[in-house]
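K.L.:
Following the hints, put chains B and C in place on chain A, whose structure we already have.
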Amino acid sequence: MRVSFEVNGHEVTADNVWPGESLLYVLRERLGLPGSKNACEQGECGSCTVYLDGVTVCSCLVAAGQAQGRAVRTVEGLAESGDLAERRLSPVQEAFVEAGAVQCGFCTPGLLVQTDDLIERTVGQGGGVPDEAEIREHLAGNLCRCTGYEKIIDAVRLAAERTAAQRDGGGPA
Amino acid sequence: MDFLSPSTWEEALAAKSAHPDAVPIMGGTDVMVELNFGRRRPPALLDLTRIPQLRDHGPDDGYLRLGAGVPYTTIIERLRDRSPALAQAARAVASPQIRNRGSVGGNLGGASPAGDAHPPLLAVDALVELASVRGVRRVAAREFYHGPRRTARRDDELISAVLLPEPAGPQSFSKIGTRNAMVIAVASFSLALDAQARTVGTGIGSAGPTPLRAIEAEKFLASEFDWDGAASPSPATVTRFGELVASAARPIDDVRGSAHYRRHALSVMARRAVSWAVTDYRKEIARCA
Amino acid sequence: MSGLLENTSTRAIGADIGRVDGPAKVTGTATYAFEHQLNAPAYLHPIQATVVRGRVREFDTRDAEAVPGVLTVLTHDNAARLADIGDAELAVLQSDEVAHRGQVIGAVLAETPEAARQAVRLVRVHYEERSHDVRFSAARTDLYTPGEAEDDEQGDLAGAMASAPVTVDHTYTTPMEHNNPMEPHSTIAVWEDAGLTLYESTQGVHSVRSTMAELFGLDPERVRVIAPHVGGGFGSKGPLHPPVVLAALAARLLPGRPVKLALTRQQMFDLVGYRSPTIQRVRLAAEPDGRLTGIGIDVTAQTARFKEFLEQAGKPTEVMYAAPNRRITHRLAALDVAPPTWMRAPGECPGMFGPEVAMDELAVACGVDPVELRVRNEPGTEPASGRPFSSRNLVACLREGARRFGWQDRDPEPRRRMEDGWLVGTGVAASTYPTGQMPGSVAAVRFEDGHYHVRIGAADIGTGAWTVLTQIAADALGVPVTAVRLRIGDSSLPSASLAGGSTGTVSWGSTIVAAAQAFRERHGTAPADGAEARAGLPDNPNRERYAMHAFGAQFAEVRVHADTGEVRVPRLLGVFAAGRIVNPRTARSQFIGGMTMGLSMALHEDSVVDPRFGCVVNHDLAEYHIAANADVVDLQAHWIDEADPYVNPLGAKGIGEIGIVGTAAAIVNAAYHATGVRVRELPMTLEHFLA
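Residue numbers (full-length UniProt numbering), protein chains in the order written: chain A, 1 to 173; chain B, 1 to 289; chain C, 1 to 691.
Hints are computed from structural coordinates only; laboratory data are not their basis. Take the hints with a grain of salt, since some may be wrong.
What the hints assert, rightly or not - So the derived label-pair ranges between C-beta atoms look like this:
#	chain 1	residue 1	chain 2	residue 2	range
1	C	N78	B	A140	56 to 64 angstroms
2	B	W276	C	S137	44 to 52 angstroms
3	B	R149	C	M418	36 to 44 angstroms
4	C	D420	B	R149	33 to 41 angstroms
5	C	D610	B	R149	20 to 28 angstroms
6	C	A40	B	E143	34 to 42 angstroms
7	C	D63	B	T239	53 to 61 angstroms
8	C	E308	B	I215	52 to 60 angstroms
9	C	D563	B	S247	12 to 20 angstroms
10	B	M1	C	M418	51 to 59 angstroms
11	B	S247	C	E687	14 to 22 angstroms
12	C	E308	B	E143	52 to 60 angstroms
13	C	P570	B	R149	36 to 44 angstroms
14	B	E284	C	D409	40 to 48 angstroms
These figures come from a predicted structure and were not determined experimentally. In this text, a Cβ means the ideal position worked out from N, Cα and C, and glycines have one as well.
Chain A on its own, in the form it takes in the complex (with noise of 0.2 angstroms):
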């Protein structure tokens, strides 16, 4: 079957797609995305997180069908636009090189989509910075074999704070 939608902004179209494919395989095999990680195909490990329609699911439990016509973001689509090697990175993107919140990288793109989701419910809602409990229960679903997390949690906290001084403050943190 054929199988359009959009991502990061571009429309694209990927033919076929064998009707009980992922999403992610989607991504990864079929558009050249392979930002987005397959760690464990049951929904287990958050590593394949993507915005679909504007929330967050695990991009390997949902049909590629079930994305026609919907729009998609991947960690591919975090940075501002532009040439990719030029790209300034997202606050959130900034803050897990800076915290030393990745390792291996492989947890890292899921865990980016899911951060940059709860700052935007939280702190682009005009609220505050999440508490640490806050941050803990949005990232639940997110495993990550090498770091411990400590530093995940200091770079959740990093980025959320520089988003709400660059909001407060109009200017970049």
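P.N.:
This is chains B and C only, laid out in the frame that chain A set:
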């Protein structure tokens, strides 16, 4: 494999009637795992995500009508007051990403005995609405679960909604797992009191081939509970209730826990649920006074 | 070992520098093995044995071959013959023998992964099944002593036990555990112009190259292995396992076309190794004040009948505590199972569980504080060898950890603190890991376009090699990090030892220091464009004279629910003495990550084998639990300044593994303090606390 993607409920029912072996898929949180793992290769998938009314919720003749596809996140964020036990169970489901996709209808369709939604549906005496081209019928959740992954749903039927009675007393859900998050229950328990009918409902998860009720425990607590003043039940009453709940379970040993532990955990959760119910009941009395 | 680095003002080493590979990883542009964009790939799905032991009588592949998109079905009948390199695990599809459940007995190559998987389901395999035995037990009568671990005996432990006023004699167990790096083992194999290119998730591109060249009878120059980014390994991507061989065999049937193989999470429980379960009888003989007169550990581990691997859990007992009488033994049970492999701190990690819990039991028996007990048994030289330590700061770690954790206020009596239904306790355990060095690395330095291009085939499996090697090169050359362009992760670069045994940074780093030195000697400080020098890892004669180990102390707070037995670990604190820390940011991640995996080991990890079917039943991430972020609350890693002039020119000790060593014991000891219940088996679950 075919991918059927109806955009109206009528089309969906027609498709299910024409392809009774098509597997309905909503959030995909169960179905896609089976496909990804190569455990299952149905002739067709029936995508229900494009049918608006499956995402609707609202009052329906004394009930809260919850479309089968309402995601857990919506139940948590918007329906907490109208379905307290179910909302607590929804919070205990996996992760935010799964709660954004998973739904009560999906839990009922899969009918895994470990599904978090089942115990509250049993405890509050919810109805499951099943539809086909032949018509619509409502089955009590208490009659819905027939065996491991077998239910009252017929091959040509789709689950359209669940109907939750207006809460008429304290409700709770609790779950014990081995990890601090993202965990399949070792055992779960839900309790609902109906102050008008003076009845007690229970639901047990992960401790039998199907979700279960503890009927003896329900009768016992209904007769012992102080429906007028919510005086604290005696320790012996609470203990007995815990024992009756535990004895209603039909658990097995598996990698998540032993049958012995599951019974123990159920008795603990049952005792806790009674103490919460007493506290909540008193608050309600105080509010009326 | 006075090094170049002592004469320069060190600027980069020790600096808190962000990851060089960070921006690529956060934008999703870091390329992992399966993600190299190659034209028209074919997909491979393994056929796995559904019997535990026997032989394949016949494959019926007609239905499989009829699946649209199937290119070929690969079995031992049509697979290329491989050289016998003495590793039965890698003799993939070389015979019809089945040695363990889940073994690769064939594969389907197809245009899509779905077609390959579907066809695998349609292959009918007829077996001649033989009886099997996968039951691991110390009571087996066929246990044997492996050649690499003869019994190590000093004095007379039995005599010491008989005469000591205080003794501890208990058996402790650790379960089978699976490495489970987040990135599943993946390969893209391409045969072209009689050469083989492998995009591989590996801890060592050169070891993959040499092994594959040998297996396939190729000149190593004709094998290229590429691995710029690797999504974790923890040992399972160290030694080669069957999937990479299978991918190469399949690609050989399809010259010019890339063949892609990514294991599923479930297949990883069958095909890429695991940590052997261990049964440890630990004996301690002591004076009433806790001073040890004897220490012993008798380890039973499992191995595959067709390939030996020994989990050397007795090793740390050679190093840790002074005692005149000592006995260390290893026995193996050879079973019809897949071979175990390295998993983070093989030997030390399980081998510091039994002894460190036993030390806690001794502390209780003697009425001595467990920190003080360890201090009292501090040896002057390495107990088993008599060699002096190049540096040893266990006591400093214990003292500093006790101070930071607030240990001084601890009431030693168990089951004294109850908070809101939770019993609360604290515990301590020691950590150790050897400071090794692997031979064989070469590094090249070339000056071009104003930059120093440093090349070595090292692997970054998440450890931070991209970053710390850049820092080391900068200091070794006396230039800012921005002047260094590092290249790693490709076998076309100068040879590098693999990332294993916590030797990566020190082996590659010392090699880079030598190459930088050679470069400056030859080309001075104003090199011409194109100037180049290379050097190998120099010998370190101090390695013969000194015992070299890192040490640490871990403190845990544990809460056990009085009614349900649920366990929580709200606080973990580790203090380590590991030489010079090259980069505090990446180092802290290594320590904390190790400790978290130790917590995961303590509470969750347990591969459950069904003896009837010979397979791991909880073979996915829903059932095999690893620590989630909610399991970790307040987790801290600290280190003390440690100058070690002997270990290597960097003064650094490997830190990738020590963090997991001792964590589980600290947690179990804290749970005892909370509840009075002594748990001697892992994982520690809620069921242990049911009265």
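K.L.:
Would you mind marking each hint as holding or not holding in the structure?
P.N.:
Here is what the structure says about each hint:
no., hint, result
1, N78(C) - A140(B): 56 to 64 angstroms, "59 angstroms, holds"
2, W276(B) - S137(C): 44 to 52 angstroms, "46 angstroms, holds"
3, R149(B) - M418(C): 36 to 44 angstroms, "42 angstroms, holds"
4, D420(C) - R149(B): 33 to 41 angstroms, "39 angstroms, holds"
5, D610(C) - R149(B): 20 to 28 angstroms, "21 angstroms, holds"
6, A40(C) - E143(B): 34 to 42 angstroms, "55 angstroms, violated"
7, D63(C) - T239(B): 53 to 61 angstroms, "60 angstroms, holds"
8, E308(C) - I215(B): 52 to 60 angstroms, "58 angstroms, holds"
9, D563(C) - S247(B): 12 to 20 angstroms, "18 angstroms, holds"
10, M1(B) - M418(C): 51 to 59 angstroms, "57 angstroms, holds"
11, S247(B) - E687(C): 14 to 22 angstroms, "19 angstroms, holds"
12, E308(C) - E143(B): 52 to 60 angstroms, "58 angstroms, holds"
13, P570(C) - R149(B): 36 to 44 angstroms, "39 angstroms, holds"
14, E284(B) - D409(C): 40 to 48 angstroms, "44 angstroms, holds"
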